[in-house]
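Chemist: Those protein sequence lines, which keep their order, are chains E and D. Residue 1 is where the first sequence starts when you use this note's numbering, and the numbers rise one by one after that. Residue 1001 is where the second sequence starts when you use this note's numbering, and the numbers rise one by one after that.
One should not assume that every hint holds.
To spell it out: a stretch of chain E is covered by chain D in this simulated footprint if at least three of its residues, at any positions, have a beta carbon under 8 Å from a beta carbon of chain D; those stretches are [what the hints assert, rightly or not]:
1) 19–30
2) 37–49
3) 183–189
4) 245–259
It should be emphasised that the hints constitute simulated quantities derived from the structure, not laboratory data. The beta-carbon is built from N, C-alpha and C at its ideal position, and this holds for glycine as well.
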Amino acid sequence: MPLLDRHIAFVEALRTAGLPVSLAEDLDAVEAVTTLGLGDREGVRTAFAATLVKRQSHRASFDAVFDLFFPALLGSGASGGDRTQGAARPDAEGGSDVREARFDELGELREALVEAMAADDQEALLQLVRESVERLGAMPGRPRGMSSWSSYNTLQKLAPDTLVLRLAQALMAGTDDRGSRSEELAMVGAARRVDAVRRMVESDVRRRIAEEKDPEHVARTTLRPPLDQIAFTNARKSDIDEMRRQIYPLARRLAARLAKEQHARRRGPLDFRRTVRASVSTGGVPMVTHHRPRRPHRPELVVLCDVSGSVANFASFTLLLVYALREQFGKVRAFTFVDDVHEVTEEFVPGADLEETLTRLAASARHASLWGRTDYGRAFVQFREKYPDALGPKSSLLVLGDARSNYTDPRIATLRDMVDASRHAWWLNPEARRQWDTGDSSAREYGEVVPMVECRNLTQLTEFVHDLV
Amino acid sequence: MLCRLYAEPVTSWFDSPTDAAKRLHDAGYLADQATATTTYLAGALEKPLLVEGPAGVGKTELAKAVARATGADLVRLQCYEGLDEARALYEWNYKKQLLRIQATGADQAWEQTHDDIFTEEFLLTRPLLTAIRREEPTVLLVDEVDKTDVEVEGLLLEVLSDFQVTIPELGTVAAVRRPFVVLTSNATRELSEAVKRRCLFLHLDYPDAQREKAIVVSQVPGVDDALAGRLVEVVAQLRELELKKAPSIAESVDWARTLIALEVERLDDETVDATLGVLLKHASDHDKALKALRTPRR
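So that you can see chain D by itself, here it is in the shape it has in the complex (with noise of 0.2 Å):
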């Protein structure tokens, strides 16, 4: 406890909810009030941020944008299966150690040499510790933290609570100024509770449809308004059905592009025969969506 009566270098950023949802909709990134929320509050409270949700609803996207607004840096950690310490946090460069074991002469002391080649100029940051070493404003990404393994995890724990990393050789190091993080997940995997105690929970859903709108609009140049609304309606109606996979927000942007590129005006049936494969990945998700749009009017 101590330690944090010593200035600590005040880290603000956002003001309120309502400036996070401003600065980051001036930074292209149109949050809803919870989201805004959670955002402020991940940056006031200095937790990390564990965004779930359906894929492409947003949640890298958040990331960057919160990085945009801020006017920070962005330090991303892609996680994948098989992802270790080495990569994720720091190594050795052993070529170089090496290399300067070989160079010294044999009138120099092991303890010397020892000395000399476990030192910074030997080090190879990995995302991790270069985001907490930054001295800079930093956003760091983990992002598909579902898809590593346990035992990393357990390496996360450390940096996420607070915000150090102990290097055996080096002693430990502490961050100059806490970063901003934000954990995505998909959710294929339960993360252990140890995880998700310490970070704020924020779940990303299909948004509504004038939020959606608003989005298509922002994020395609060149489509018409009343264009959008008839396409944003026919991806809430395709979400009621119930579907292997809906339709997210960036398959909707896809289809706005797919269409402005067809030069089409108007949203007829023809059109969205031919266009639903951009909205639609699944062979039976096509044909029910084609059947329930095609059913007989009384």
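Bound-form chain E, shown alone (with noise of 0.2 Å):
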């Protein structure tokens, strides 16, 4: 392929990707690698970054696009490696050889594997990602047109899990040059490093996969959207935590954004008093006017939310982004339900620590079960018994779930007779649109007496919470 063609290609799947790239920025992409030549990869990488990614959270994405068009090496390094690398291929390539011969055991490669992210050696590492997809990952004889590379049988032989409680006793050991670590701090550096490894194989049988089929048809099947648009019911655990970490910044830039808008809208009616005092000193004509200022509307909030298993991720983000911004709300009280329900107001302490919530609010969703089985209907009635005084003329219902039932009474009174009770109510919904009102879902019901929005994603969230202020 010329190299004008894959470039186009490139930057198409990234536009694939989900980044927005310009024609402008490819331009410029076009004159920035010109400039710098392209005797270098990274030096290439960091060129296409610089003008074609503008915003971090799209860096990772960049990187899997980057490194399926421009893949380091062919095959396991012994082919056209020469193209790429330069000079330093002929020796790596007799190294491997060599360490091809030492790991004949699965024990020994994983043993190296531990001792390479313990001394945090990337390039050891690299080789020996790239050394284990060639023997675990590869499945012969599958014919033309299937991918004959796997990283589900790579990791599934490497065994990730007890690979970190490997890496944490290294850790914990330490040697002469590193210090040892408090237990704590070992399982945390070895879960981020063992994960690291894990993006690594995932993104080395992208590569193989890619040399098999093309690129493109690679990046748009295996890569997944940046963070913020990935749904909450299909993160999986390492997204959740990354999730989280974006909590703060996310719940930062949201009250910048909204206390920008107040400000421009702060002008209130005009004061009258003020203005023709103030046109005394103008011999009476009023040159300058003066105005009340408004009065800030802070509404007072109240969160009722389905902890069941489905979408109990979705319901702890929402409230921890809530809870983030309680200065911007007069009051907010959260209630947690499966099939009965618990208030979960007291466990958020102001600058807590937001994991420690997290797991302080998991251990409480065990008071909003009875039964275990999710139960909206019978979830309500009892919000309305036990908690009468919760909804009031100020108050904004929020209610956060999925809207599946298990074919129990969805109890649409009890619902009715709440928003009644309320100033504003919404119900967000998890899932996406089309599959409301599928299998057990009451969606539409529910949806005739209080308006449900879709919320499948950080994006989507943030864009209602600042709505909702």
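Assembly of the complex is requested from the two constituent chains, each provided in isolation within its own frame, with the hints serving as guidance.
Modeler: Printed below as a string of structure tokens:
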């Protein structure tokens, strides 16, 4: 493929992956790469990143696409390696042959991985990952058109969970030039490094598949969308961790935006007395008008969230975001339910640590469940009975959940009562709109009583919270 | 396009990424490969450089280092909410104009006076205009650009894309020599696509252990190698925890200075407890870090 076509396909793939790349940026990229030359792969990556990626949250997607279109090596590095890596290849080639012989046991390979991770040696890690995929991920003999590499197979055999423990022990022990760590720090560090290795394996498998099929196809089918567009309902554990890290920056950005908008709308109705008084100094002509400051509107919020397994992540994120923004609200009360209702307002301490708060929330979820089967109708009735004073004319009601009530009586009348008792009401549903009303979902019935909003990812959640304030 | 045919003064800021890295290093800024390459590109393509990243990783310092490394002068525009044209670009000196009008006799025609008071003499240049009109090499630093209002971004657009400013009374002032523009942002607000499109983007993150150690050693005279290594290690471990505000390079350097002032030679548990406040600025972070550092070893 000629270089220019490759570049254009690359930019197309970036757009498919959700990066807004304009034509002007495309031209800049070509100019930058031409200026820099193609000698150094990392240099090319930097040049593309500087001109095409203007938001750090897109960086992971960019790196994945870049690795597909401009792979560091072909196959296991034996053929065509000199084209991409220059003179350094022959040695490395010889080296990998030697290593091939060295690790005839799986155990030795894993041991070497742990060692490299403990020393945080990225070069060695990359080599080892390539070798693991080569040896453990191959699925020979599959028909043409099916991919013959599997990250699942590789990871199954490497068993990352036991690697975490081994690595944690290695980190706790420490060495001469590296101090020992406490248990908690060792576990945190080990989990993070093993997760990085997992991503390296996935990326290496993608690279190998892209050699057999075309990179565009692989980019389209295997790349995950940027973090703020990942749906809550099918986020992985690592995504969840990353999202939690994003909550505070997100809340801060949102608060800054809200403050700006409120400043812009600060001028209220004319203050007649002050205007007349000020006009005395200009001979009775009201040159400058004075206005009353507008009273800030601070809604009181009552959040009612379904914390059953399927939507628990969504509920906790929304709660955290609401609490991170609590200065914007007059008062916030939070309740969780599965088939019973439990108040969790107390769990949110100002300035507390997010991880801890989430743990406490999860622990309190069992108070909300009697039989463990989601029952919206029962939860609403219980809520009215236990907390009759929660809803008032000033409060806004927010229900979070997928409206899947296991075919029980939805108790529409109770919900209508609750909606009537409060000033505003919304229902946030983490499912895609086209899945509403399928199976045991009573989305339409509830939707007639209270406006139901689709809220699948961080972007939609942020927009909703912004509009709420 | 025609005007580009005329001899534009050739400003070469850096010769190559390696040259950029070396000269920044000599100026006291240890840049990694990505930073050096992007800085070189910003100079070679004459495009503004937008630097984003957490507080205290050396965004502003990069601009200062570029100025030091190239022998250019630094013109700084600090952004804040409510910054307007008169503070960023230029302003007419009203008082002086008024004096001028009062000083002229009644015999002078209005047209004459009018032409007189809108001249260079009565113009107060602000950072953006200053940077454009300078003939010597200039680094223009627009600091914390995310703090400004959206209107100021519009103002920046003309300056950043064409390096020219239009003053109604004087005409268009084009840059004699294009400045090296660095914009920094903490990402409290998304900048508009129009501004981002015109810039090269660089995200500065916490450095790896090796580079951070080198930075600490170079910034803090008198810190010994082993202590710096241990210090950087602890900081790296703390960053792996989920903290509200992870310690940045600036905080590592402060910590090293504190330890030097206390004449500490070895970093033991008590010293860490006593001086953790230099690194972590939230009470909940403090508690969490102490708990994590002190879990009993098996």
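Chemist: List in ascending order the numbers of the hints, as given earlier, that are violated by the structure.
Modeler: none
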